[in-house]
Amino acid sequence: MNAHDVVITGIGLVSSLGEGPDAHWQKLTTPGVKPVLDAERFAPYTVHPLPEIDWNLQIAKRGDQRQMETWQRLGTYAAGLALDDAGIKDNEELCTTMDMVVAAGGGERDMAVDSDILAASETRNDRDVLLNEKLTTELRPTLFLAQLSNLLAGNISIVHKVTGSSRTFMGEEGAGVSAIETAAARIRSGQSTHMLVGGAFQTEHADMLLGYELAGYLHRGDWKPVWQRQGAEGGGVVTGSGGAFLVLESREHAEKRGHRIYATLGPVLSSRARRARGELQAGIEALIAKAQLQGGEVLTISGASGSHKATAAEKAVLDAAPGVAARGFSTLTGHMKEAQFPFAVALAALAIHHNAGYPPFAAGERDFAGAPETVLATAVGYHHFEGMALVGKAG
Amino acid sequence: MTKFKDHLGRPVVAVTGIGVVTSLGKGKAENWAALSAGKSGIHPITRFPVDHLSTRISGMVDFLPSSTKGASALTYDLAETAAEEAMTEAGLDVQDFGGPLFLASPPMELDWHDRFAIYNSGKDKPAPERLLEVARGLNSLDMFETSQFGSIADRLADRFGTTGLPITLSTACASGATAIQLGVEAIRRGECERALSIGADGSATAEALIRFSLLSALSTSNDVPQKASKPFSKDRDGFVLAEGSAALVLESLEAATARGATVLGILRGCGEKADDFHRTRSKPDASPAIAAVRAALADAGLSDTEIDYINAHGTSTPENDKMEHLSLSTVFGERISSIPVSSNKSMIGHTLSAAGAIEAAFSLMTMREGVIPPTINYDHPDPAIALDVVPNVKREASVRTVLSNSFGFGGQNTCLVMAREPV
Numbered sequence: 001m002n003a004h005d006v007v008i009t010g011i012g013l014v015s016s017l018g019e020g021p022d023a024h025w026q027k028l029t030t031p032g033v034k035p036v037l038d039a040e041r042f043a044p045y046t047v048h049p050l051p052e053i054d055w056n057l058q059i060a061k062r063g064d065q066r067q068m069e070t071w072q073r074l075g076t077y078a079a080g081l082a083l084d085d086a087g088i089k090d091n092e093e094l095c096t097t098m099d100m101v102v103a104a105g106g107g108e109r110d111m112a113v114d115s116d117i118l119a120a121s122e123t124r125n126d127r128d129v130l131l132n133e134k135l136t137t138e139l140r141p142t143l144f145l146a147q148l149s150n151l152l153a154g155n156i157s158i159v160h161k162v163t164g165s166s167r168t169f170m171g172e173e174g175a176g177v178s179a180i181e182t183a184a185a186r187i188r189s190g191q192s193t194h195m196l197v198g199g200a201f202q203t204e205h206a207d208m209l210l211g212y213e214l215a216g217y218l219h220r221g222d223w224k225p226v227w228q229r230q231g232a233e234g235g236g237v238v239t240g241s242g243g244a245f246l247v248l249e250s251r252e253h254a255e256k257r258g259h260r261i262y263a264t265l266g267p268v269l270s271s272r273a274r275r276a277r278g279e280l281q282a283g284i285e286a287l288i289a290k291a292q293l294q295g296g297e298v299l300t301i302s303g304a305s306g307s308h309k310a311t312a313a314e315k316a317v318l319d320a321a322p323g324v325a326a327r328g329f330s331t332l333t334g335h336m337k338e339a340q341f342p343f344a345v346a347l348a349a350l351a352i353h354h355n356a357g358y359p360p361f362a363a364g365e366r367d368f369a370g371a372p373e374t375v376l377a378t379a380v381g382y383h384h385f386e387g388m389a390l391v392g393k394a395g
Numbered sequence: 001m002t003k004f005k006d007h008l009g010r011p012v013v014a015v016t017g018i019g020v021v022t023s024l025g026k027g028k029a030e031n032w033a034a035l036s037a038g039k040s041g042i043h044p045i046t047r048f049p050v051d052h053l054s055t056r057i058s059g060m061v062d063f064l065p066s067s068t069k070g071a072s073a074l075t076y077d078l079a080e081t082a083a084e085e086a087m088t089e090a091g092l093d094v095q096d097f098g099g100p101l102f103l104a105s106p107p108m109e110l111d112w113h114d115r116f117a118i119y120n121s122g123k124d125k126p127a128p129e130r131l132l133e134v135a136r137g138l139n140s141l142d143m144f145e146t147s148q149f150g151s152i153a154d155r156l157a158d159r160f161g162t163t164g165l166p167i168t169l170s171t172a173c174a175s176g177a178t179a180i181q182l183g184v185e186a187i188r189r190g191e192c193e194r195a196l197s198i199g200a201d202g203s204a205t206a207e208a209l210i211r212f213s214l215l216s217a218l219s220t221s222n223d224v225p226q227k228a229s230k231p232f233s234k235d236r237d238g239f240v241l242a243e244g245s246a247a248l249v250l251e252s253l254e255a256a257t258a259r260g261a262t263v264l265g266i267l268r269g270c271g272e273k274a275d276d277f278h279r280t281r282s283k284p285d286a287s288p289a290i291a292a293v294r295a296a297l298a299d300a301g302l303s304d305t306e307i308d309y310i311n312a313h314g315t316s317t318p319e320n321d322k323m324e325h326l327s328l329s330t331v332f333g334e335r336i337s338s339i340p341v342s343s344n345k346s347m348i349g350h351t352l353s354a355a356g357a358i359e360a361a362f363s364l365m366t367m368r369e370g371v372i373p374p375t376i377n378y379d380h381p382d383p384a385i386a387l388d389v390v391p392n393v394k395r396e397a398s399v400r401t402v403l404s405n406s407f408g409f410g411g412q413n414t415c416l417v418m419a420r421e422p423v
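Chains R and U supply the protein sequences, listed in that same order. Sequential numbering from 1 applies to the first sequence in this note's numbering. Sequential numbering from 1 applies to the second sequence in this note's numbering.
The shape of chain R in the complex, shown without the other chains:
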């Protein structure tokens, strides 16, 4: 116990399962809970769609809502949930001194404009001129900002008044890992007292699927749990829309204002295995070794994507680690890219808070009885970058 320990005091979650930490805890601790799937809209791909959301609950002004595409709205919404949960929302003093790191993608393009340009390209060879002609006349001027990576953080500042500092990290799952790692390092060093950190991903857009499918990463055909997609048609990833934001604080800061602490965030570990050289599995093993699991049963919230190679490597390491009971939450939420690691850490914190584990999310995951002392959270990128964190008791 140390004044500069990093503690988790606010959780904002959105996924196909619902919104908020309580709804997620209820769903995920119900044995045999079924995923919410949409196999039609983007067939042959299945996605986990957004639940119904009343945006007004976290983004009061319609004008603000209109200035964002769905991904930014989703992130701003999830950030608002986390601030609410931490008792910081609308607290001007705490918001204006709060630091923020957002893990962001972006690029929700206007499919109608793009489709129109592509259709015209079938009969025209002057494609560069075509681009100028169409983009200058058909692009909505504010769309650029509504899809721009750093504007999720920008909108969180505008809507929730979080203005201590604002940084946006990019780079798929790794961005989420670095965001939490950096936020924790700032608090531990005394550089920051309270931070908002997280990300969101909105998959229900053809370009968001294209980002995976250019390298054939998406699973096709019948849906299967995340660990059971090896050898199936496609690349193994089933995506989901969702978001996860955390409020991290120094223990001293949280205790002084008397707010509930869900859990303590222990070491956050990150790496970049040189996968082309076959070093991924050894890289994951090295991370687990660094985590120094204390023996006994270890509940592990895995952000495995289903991506064949990466998930096989992670599974091999987790299966071989003594006492590890892994829960691949992508089975129930789909893969949420930049939000994947923050989501994993949030689920780990909930298990600590409730002093209980999750039942298996799919057949083949081993039982975990008892109360978790420490929970491991992982995110092994579908293509690159890896991270883990240990989450422990509140105090």
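Treat the hints loosely; a few may be bogus.
In the DSBU-like style, the derived pairs of lysine-lysine whose C-alpha atoms are separated by at most 35 Å in a straight line are [to be verified]:
hint : chain 1 : residue 1 : chain 2 : residue 2
1    : U       : 69        : U       : 125
2    : U       : 283       : R       : 61
3    : U       : 69        : R       : 134
4    : U       : 322       : R       : 89
5    : U       : 123       : R       : 309
One side only, chain R facing chain U, incomplete, derived with CB under 7 Å [stated by the list, open to error]:
hint : residue
6    : 115
7    : 127
8    : 129
9    : 149
10   : 157
Hints are computed from structural coordinates only; laboratory data are not their basis. Where is the CB? At the ideal position from N, CA and C, for every residue including glycine.
Following the hints, put chain U in place on chain R, whose structure we already have.
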């Protein structure tokens, strides 16, 4: 004896290597020669047709092997070129850097030429389905990587042997400064002895230009391109879209001294403050910019009387330059009229994600060379902005400390304070 700890007991952070590429040229020597001669790198756009465009000029980097190969390839090329120069100057093994990488780079999108190619090799189906269907058949790692936000940093990490998970970041026009700030913080926290901070932006595509045009952010002074960027002038009419890169090797002064490296300058302080006013406009009272400047001074342990020169954000947009003047005159009071304040963007345009890093590199060179680069095109001073902008011609001066400002769309403001010598 040199002090290795700063006023807050943290390791002092030195710069031991600098690399730069802008439209003015490749490398520090070419850039400095042009910059101190008051030469502009702004030129007519030739990379793509300019039909239908209201802005037909830019500060694109057209002389690299990747200049015509799309935003991802060019951004990588720019970053690699600058990093190699910086690491070589620092006397480090260019394949084994041995510290983390912080990369400021633009968000990535599939290039339109690839989009056209994919679409036109399929048929019948509507575009969204067709692109996906063709893509999964192609299974092209090269094209895939241009669409991944972490790929450029991943490649750079391989190329230079940086350690750990590289961070790719965006704080819009403040990105380059944020990359430096992240490196400084990592060294101060004792996580590493050295860090490689890069800002690189090769994303001046037709679509990027059109996007900024639609926001009315760009200068349309097409007729004499080199006169288009005119920060602090009465007739300024927007920024000039540009490309470039800079890399800094940051090192704890103690480690740099121990290995006998030449210290090129000191990164004394970083400050930031977000703006909650509007997506593209700053708060009218400039309070976030003021707070960012003050935070940087406080972090550096300097008072406002101890800044010798200000490297302005100075974009040449009506809004920024006015707001920047307000923030500076608020922080520095009456003394602001006697502090030289110049904008490198008058010559290189606005290099977006790279700007903060490039301007930090030029700030460090300003101190070392004892020469302040001018604000060119200052023919019609804005009477509402009473600043000594070092008009049109360089000035010799002993500069011990510099404040460099970066203010971004989306409200992300970052300021850096640099010093010529350790304390």
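Consistency of the hints with the structure:
Under the criterion of a C-alpha separation no larger than 35 Å, the hint pairing residue 69/U with residue 125/U is consistent with the structure, at around 28 Å. For the hint pairing residue 283/U with residue 61/R, the CA-to-CA distance comes to about 19 Å; that is within 35 Å, so the pair holds. A hinted pair counts as satisfied when its Cα atoms are at most 35 Å apart, and residue 69/U with residue 134/R qualifies at roughly 22 Å. Under the criterion of a C-alpha separation no larger than 35 Å, the hint pairing residue 322/U with residue 89/R is consistent with the structure, at around 33 Å.
At most 35 Å may separate the alpha-carbon atoms for a hinted pair to count; residue 123/U and residue 309/R meet this at roughly 31 Å. With a least beta-carbon distance of about 4 Å to chain U, the hint placing residue 115/R at the interface is held under the 7 Å criterion. At about 6 Å, the closest approach between the beta carbon of residue 127/R and any beta carbon in chain U falls short of 7 Å, and the interface hint on this residue holds. Contact between residue 129/R and chain U, as hinted, is supported at the beta carbon level, the nearest pair being about 5 Å apart and thus within 7 Å.
Checking residue 149/R against chain U: minimum C-beta separation of about 4 Å stays under 7 Å; hint holds. Nearest Cβ of chain U to the Cβ of residue 157/R: about 4 Å, under the 7 Å cut. The hint holds.
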